[in-house]
Amino acid sequence: MNWLGLLMLPSIIAILSLPWIKNREIAARWSFILTVVSFLIALRLIILVYSVGHAVLYANQWFMCDTFGSFYVLLNTFITMTTAFYAMGYLKNEYDRSQFHPLTYRFYHTFYHLFTFSMLLVLISNNLGVMWIAMELATISSVVLVALYQTTEALEAAWKYLILCGVGLGLALLGTIIFYFASHHSLVSYQGLQWTALLKIASQLPPKLLEISFVFIFVGYGTKAGFFPLHSWLPDAHAEGPTPISALLSGLLLNVALFAIIRFKLILDQTAAHHFAQILLILFGFMNLLYAAFSLLRQHNIKRLFAYSSIEHMGLISIAFGIGTPLAYLAGLFHVLLHALSKTAAFFTAGNLIQVFHTQVIKRLRAAGVMTPLLAWLLLLSSLALLGLPPFGLFISEMLLLFAVVQVNYWLVIPLIIGLSLAFLAIFMKIQAIVFSHSSEIKTHNFSFKHVSNWPILLHLGLVTLAGLWVPLFLLMPVIMFFMGKI
Amino acid sequence: MISQQITLLLISLILMTSFLMLMQSRIFNLVKLLIWQNILLAIYLTLQLFYAVSLELIISLSITFLVKIILLPWLLWRLVSYLHLSGRIDPLINKPLLMFTGILLTAFAFIISYQIKALIGDQAVISFSLSLANTLLAVLLIMFRKKAISQVIGLLVIENSMFLLSITLTNGFPWVVELGIGFDILIGFMIFALFLIRIRTTHGSLEMRHLEKLKETV
Numbered sequence: 000m001n002w003l004g005l006l007m008l009p010s011i012i013a014i015l016s017l018p019w020i021k022n023r024e025i026a027a028r029w030s031f032i033l034t035v036v037s038f039l040i041a042l043r044l045i046i047l048v049y050s051v052g053h054a055v056l057y058a059n060q061w062f063m064c065d066t067f068g069s070f071y072v073l074l075n076t077f078i079t080m081t082t083a084f085y086a087m088g089y090l091k092n093e094y095d096r097s098q099f100h101p102l103t104y105r106f107y108h109t110f111y112h113l114f115t116f117s118m119l120l121v122l123i124s125n126n127l128g129v130m131w132i133a134m135e136l137a138t139i140s141s142v143v144l145v146a147l148y149q150t151t152e153a154l155e156a157a158w159k160y161l162i163l164c165g166v167g168l169g170l171a172l173l174g175t176i177i178f179y180f181a182s183h184h185s186l187v188s189y190q191g192l193q194w195t196a197l198l199k200i201a202s203q204l205p206p207k208l209l210e211i212s213f214v215f216i217f218v219g220y221g222t223k224a225g226f227f228p229l230h231s232w233l234p235d236a237h238a239e240g241p242t243p244i245s246a247l248l249s250g251l252l253l254n255v256a257l258f259a260i261i262r263f264k265l266i267l268d269q270t271a272a273h274h275f276a277q278i279l280l281i282l283f284g285f286m287n288l289l290y291a292a293f294s295l296l297r298q299h300n301i302k303r304l305f306a307y308s309s310i311e312h313m314g315l316i317s318i319a320f321g322i323g324t325p326l327a328y329l330a331g332l333f334h335v336l337l338h339a340l341s342k343t344a345a346f347f348t349a350g351n352l353i354q355v356f357h358t359q360v361i362k363r364l365r366a367a368g369v370m371t372p373l374l375a376w377l378l379l380l381s382s383l384a385l386l387g388l389p390p391f392g393l394f395i396s397e398m399l400l401l402f403a404v405v406q407v408n409y410w411l412v413i414p415l416i417i418g419l420s421l422a423f424l425a426i427f428m429k430i431q432a433i434v435f436s437h438s439s440e441i442k443t444h445n446f447s448f449k450h451v452s453n454w455p456i457l458l459h460l461g462l463v464t465l466a467g468l469w470v471p472l473f474l475l476m477p478v479i480m481f482f483m484g485k486i
Numbered sequence: 000m001i002s003q004q005i006t007l008l009l010i011s012l013i014l015m016t017s018f019l020m021l022m023q024s025r026i027f028n029l030v031k032l033l034i035w036q037n038i039l040l041a042i043y044l045t046l047q048l049f050y051a052v053s054l055e056l057i058i059s060l061s062i063t064f065l066v067k068i069i070l071l072p073w074l075l076w077r078l079v080s081y082l083h084l085s086g087r088i089d090p091l092i093n094k095p096l097l098m099f100t101g102i103l104l105t106a107f108a109f110i111i112s113y114q115i116k117a118l119i120g121d122q123a124v125i126s127f128s129l130s131l132a133n134t135l136l137a138v139l140l141i142m143f144r145k146k147a148i149s150q151v152i153g154l155l156v157i158e159n160s161m162f163l164l165s166i167t168l169t170n171g172f173p174w175v176v177e178l179g180i181g182f183d184i185l186i187g188f189m190i191f192a193l194f195l196i197r198i199r200t201t202h203g204s205l206e207m208r209h210l211e212k213l214k215e216t217v
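Chain order of the listed sequences is A and B. When we follow numbering that gives the first Met the number 0, the leftmost residue of the first sequence carries the number 0, and every step to the right adds one. When we follow numbering that gives the first Met the number 0, the leftmost residue of the second sequence carries the number 0, and every step to the right adds one.
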């Protein structure tokens, strides 16, 4: 068993052991310890892959981890770890607040690990069919987590999520079948879905078939990534689920869905169909950006606000990957990294605020600057980080994206600037109203708030600031070399 | 030649059951039609064995058989009788219009697939377009009904058309992948069932109007 096989082990242990642990505290700690182990293994794996320079394979080439995958694996395991840490404090407060059934905790921890494990499986599977299965598993397990509170709204959000993503994934399977059909003349049966084998013979595949299959794959996985016409599950699921799950959905799941699309795009890049994939990604990227920017203006719920901001950032990343020059890839990957870190920080802060004020409605979250000064500052800083203000890293990634767009066509800069500034206005207006307002009527609910649940926020914000001052090129360059080597 | 005609007939029959589902307003009949569609699919799969017998195909066929013909219909039947679903669900738009839309979508599927006729061959192009049309009809079924159960049935029809397509085009996926897909569908269905029971205990019915609270307010 090599490092790649070992990477799956902590999650499997967690899924098998957590249903049986009755004590809430012990279960939360055990869950956190396993995520730390998994992060350390991922760290070792990425060092191995970056130094060797080629993919690590496991189990007769069914699993594969190349530079592109290992970058995502590291990000995923890191955020899984910090979210598990955050959840320790969050669930304890939640228990004091709403008196969960004890079984709910066991449910939560088991499905948390099932969810993160299936996302890991998407990243390391070398087989496009297995990738689809893992994606479906991720959907099913996260639906259970979204519906955890069992309120009317949570049930509705989860139902919408299940139906929309069910249809979406059905279409993605259709695309995968057509892809398999396109390749099965050139490759023997089980290799026809193998990504590494497909990449080698990509130029022999018929471009017309690839185009048709890419449309279905784009619509299918795009539903999961929150692309515009089929995005409507996203804000509901983010707003109604428990906060750690909103953070995971936003910071990881959307990225993983986009990752699946990019895997297909890399094959299309080798054929005559590469312009088609490019145009599709750029077009939907801009639609996402503009739609989200206008929707942000009319949000009344803090978690929905951040959910729409995720749609906006997915649009930006999709534009970057669509353009596909080295500069654009640098901007896109950097944005993936920083968006995941700062969005999870924003959700953690929002979750803490919600536990203090017992509401998600922005109008009733008043005078946070007076009541809970530390949380108010963290909220302000994490939303400024999301908006891309200079000391934070997203400033650099959005700047790079702007340059990359100018290189392609300078008229495209106009919608980009409009979208970014509208989003800035909308989020800043709402957040400053929460932080810098006074109100005599509103009172916080007294409970002992622990500083521990602010640590992950500080860690994420620190990393985002560090990345803004010193771009981690050692992490990003190998992936860009990998992309460029393929084209 | 005759065997080809039989397979085409079977695919057309499968598409016809989807059209009938689109028209049907009694829930029990909807479920019965779905089971009929599964049986037709099973006959179609067994016919494929006559073309090329291989261990891989037999394994993947038996997995499909077990999941789609035995387990899923049985679970669905249990669910429907548990929830006492005997009422009617009328489509949101009138039936002739719905039928007409379905016909247009089928024509659309033919137009798409004839563009790649040279690549997939004369024989496969009809089966390809019919299974594509079946998928589109399932999406119609999901969109224009007011009850949650019909959305689940629509999703199952989508899965059926995927199986049909994968068998028509490529003689099926590798069996490991097939196993995974079947397993996923089964788990997904159970989660669906749990949700339906849960929604029903909260609201007392499965009408979609209870699930329309999270609208954007301006």
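Because the hints were derived from the structure by calculation, they are not lab data. Misleading hints may appear alongside valid ones.
[Claimed, not checked] Stretch-level coverage of chain B by chain A, calculated; a stretch enters the list once three of its residues show a Cβ under 8 Å from a Cβ in chain A:
{"#": "1", "stretch": "113-119"}
{"#": "2", "stretch": "163-169"}
{"#": "3", "stretch": "190-201"}
[Said to hold, decoys possible] Covered by chain B, according to a simulated footprint, are these stretches of chain A (three or more residues, beta-carbon under 8 Å):
{"#": "4", "stretch": "141-152"}
{"#": "5", "stretch": "158-164"}
{"#": "6", "stretch": "275-286"}
{"#": "7", "stretch": "343-352"}
Ideal Cβ positions, reconstructed from N, Cα and C, are used throughout, including at glycine.
Failing hints, ascending? 6 and 7
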